[in-house]
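Asker: Chain by chain, the residues run as shown.
Protein chains: 2
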Amino acid sequence: MTIHPVTGFTLAGTHCGLKPNGHDDIALLVSERPCQAAGVFTTNRVKAAPVLYDQAILARPDAAIRAVIANTGSANACTGAQGLENARATAAQVADIVGCAPDDVLTLSTGVIGMPLPMDAIRRGVATLGGMLRADGWASAAAAVMTTDTRPKLASVQVGGYTITGIAKGAGMIAPNMATMLAVIATDAAAPRDLLERALAAATENSFNRIVVDGDMSTNDTVLVLANGASGVAVADEAAFTAALADVCAQLAQAIVRDGEGATKFVTVHVTGAADEAGAVAIARSIATSALVKTAFYGADPNWGRILCAAGYAGVDLDPGRLALWLLDASGAPAIQLVAGGQPLDYDEPAAIALMQTPEWGARLDLGAGAASTWVWTCDLSHDYVTINGHYRT
Amino acid sequence: MTIHPVTGFTLAGTHCGLKPNGHDDIALLVSERPCQAAGVFTTNRVKAAPVLYDQAILARPDAAIRAVIANTGSANACTGAQGLENARATAAQVADIVGCAPDDVLTLSTGVIGMPLPMDAIRRGVATLGGMLRADGWASAAAAVMTTDTRPKLASVQVGGYTITGIAKGAGMIAPNMATMLAVIATDAAAPRDLLERALAAATENSFNRIVVDGDMSTNDTVLVLANGASGVAVADEAAFTAALADVCAQLAQAIVRDGEGATKFVTVHVTGAADEAGAVAIARSIATSALVKTAFYGADPNWGRILCAAGYAGVDLDPGRLALWLLDASGAPAIQLVAGGQPLDYDEPAAIALMQTPEWGARLDLGAGAASTWVWTCDLSHDYVTINGHYRT
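Taken in sequence, the protein lines are chains A and B.
If you want our numbering, it's the 1-based position in the first sequence plus 33.
If you want our numbering, it's the 1-based position in the second sequence plus 33.
Note that these hints are calculated values from the structure, not bench results.
The C-beta atom is built at its ideal place from N, Cα and C for all residues, glycine as well.
Errors might be hidden in some of the hints.
Where chain B lies over chain A, by a calculated footprint (3+ residues, C-beta under 8 Å) [claimed, not checked]:
| # | stretch |
| --- | --- |
| 1 | 76 to 90 |
| 2 | 335 to 343 |
The calculated lysine to aspartate or glutamate pairs, modelled on EDC-like cross-linking and capped at a C-alpha distance of 20 Å, are [stated by the list, open to error]:
| # | chain 1 | residue 1 | chain 2 | residue 2 |
| --- | --- | --- | --- | --- |
| 3 | B | 52 | A | 153 |
| 4 | A | 52 | A | 129 |
| 5 | B | 52 | B | 153 |
| 6 | A | 52 | B | 153 |
Isolated chain A (complex conformation) (with noise of 0.2 Å):
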């Protein structure tokens, strides 16, 4: 995959002594020029401090933003008062260092509840940062905001003389409505902030709203697009804007469930068939999120009768008697019948099994109630989610 650099936009990662592994833990974004900026945020009612001091930012119609800080190792969150006092010194440092306002700083945090920043290493990491700006800084930044991450997550599109390039960390904490995760989404096009705002609830509801690693929704979950407009190309088309900001999006949330916390499979759970969409997605989550399902999709044990029955929980109405299942290939196309008017078929079990012991493949499950249809893409739960998560902190 290539990444494009995005004209104005520089980056850089570094170490600070966030992570006592060593590994970076620190990175800058900066913009050139103002960027118009829209954000995504969790819905979690306790919020980080970065995801409060962010919203209050974007809350004003004038934010002109330049860059984005963002930490690994403490979440800033539950840390009160002293929590935002920390966010926004972070952004007056960097300020100084662009040559902005405070107001002008985004900031991103992301690793253990509860911890207070570790602001000497902050201040360290930042005045690093300000040296090791680079056009081509993506690979580093997305490097040093991984936590239980395995590798660094990117994407990158160029339409319409413009450039769309994004990174994003997450793990674990995913639900599906937003997780632990965060991306950071820069373009050189010119785009005013409302059509930001409609282009990227457009591109999470179909990407970042349709993951699921463990069902837990975050307290620092955000995604922020920043426009520049530094290519020249104002936005005229907002459709192919907005598609192509979903790729980026919908391959950045790929990304994240690829690496899910113990993950060994990538399975997309699709829902067909529906009465509506809010039904759909609703099986769909209920069937991604089931510990048993995941527990079966990590063992490859063809055991439909367990998304079945994590359908039937949803809370919409169904009809048990016009269900129909199918495992899917990587291309999702149909593999294998499972299931037809709710009852099993006699299917080639070792088919079943050898199929869903490959990395990559997929599940339908038709309602015969209508036409709406969605996806989820959900991984298995595997004994490393168990030993990363017990002693996550350690």
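Following the hints, put chain B in place on chain A, whose structure we already have.
Answerer: Only chain B this time, still in chain A's reference frame:
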């Protein structure tokens, strides 16, 4: 624990070949006289045949129950019209042995979804059970309904001149509202149907509806209570009867969580200071179901941020700045306060870890918003849960 026989009831459990490992797999309870009966059933839209069958019988005002037959191995769910016919045929065979009408027999099934009931084995089992019934057969019946359970679950109380004794099974697919759990409770008190229904609804609300193993709600969950009046004592004090029934239900529900699949710890999650009970319940269930909270319990990691985070996404308004959190000892007494005003205290972390390494303790989250409170019983999420459910059918 003493398990008191219940006058007029006999039971037995035996092996008929439903379980390849040769363990007992079918149980029968018979009352010498007709019983008033009440049931609480799964709210899953995909209901197993025995659930539909029992609901139809209990919908008749003149239902007079003489027997309950329970099998493991096959859940008789997603089995269509043949599944209902198999439930009916099983009931008819039991009725022949007992000397009653088929409609006087209730059926329970648990096991793999979508597998037709192996009727040859069931017929052999029912015939054998007919010659084995004993007043002290409770432990034998409880053992015969086990699936991934590691131990039988029984409870018994005597009050006011009558006895209430019950058995239950369940270890996985245990969600806050019922579970892959079956429970049969018998009393020799005389009680009208409406009293039984009220008492069972109240008792399940504070027992089987307050437990979580994995958040999955099964297709088969059923709690039955049968009252045959053989003690000659009519229930005069409904509150006392309800309390005694609730005691039996609570013992059985706790036994299910203690034996949760892979569980190493029994944790009571209390929520206090809520504005209303519905909010308290939603938050307690969210905490008790969170995979991240449960893996932290497994790892004895006082990662209180995950508890606040799970409270935050329960869909209930709360003020993060008013949250307080304690670890409780096995008696429910506060042991260590971790959080006050939404922020961490400088608590004794080694002591917290040591407490969390014990097999039974609790956590209390106070919302600082009102006087309502509740609790949920849960267990940890361990490597063994994944092992058990990754390959359940094999």
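Asker: Are the hints correct? Go through all of them and say.
Answerer: Evaluated hints:
| no. | hint | in the structure |
| --- | --- | --- |
| 1 | 76 to 90 | holds (count 5) |
| 2 | 335 to 343 | holds (count 7) |
| 3 | B/52 to A/153 | violated (62 Å) |
| 4 | A/52 to A/129 | violated (25 Å) |
| 5 | B/52 to B/153 | holds (14 Å) |
| 6 | A/52 to B/153 | violated (62 Å) |
Checked against the numbered hints above, the structure violates hints 3, 4, 6; every other hint is satisfied.
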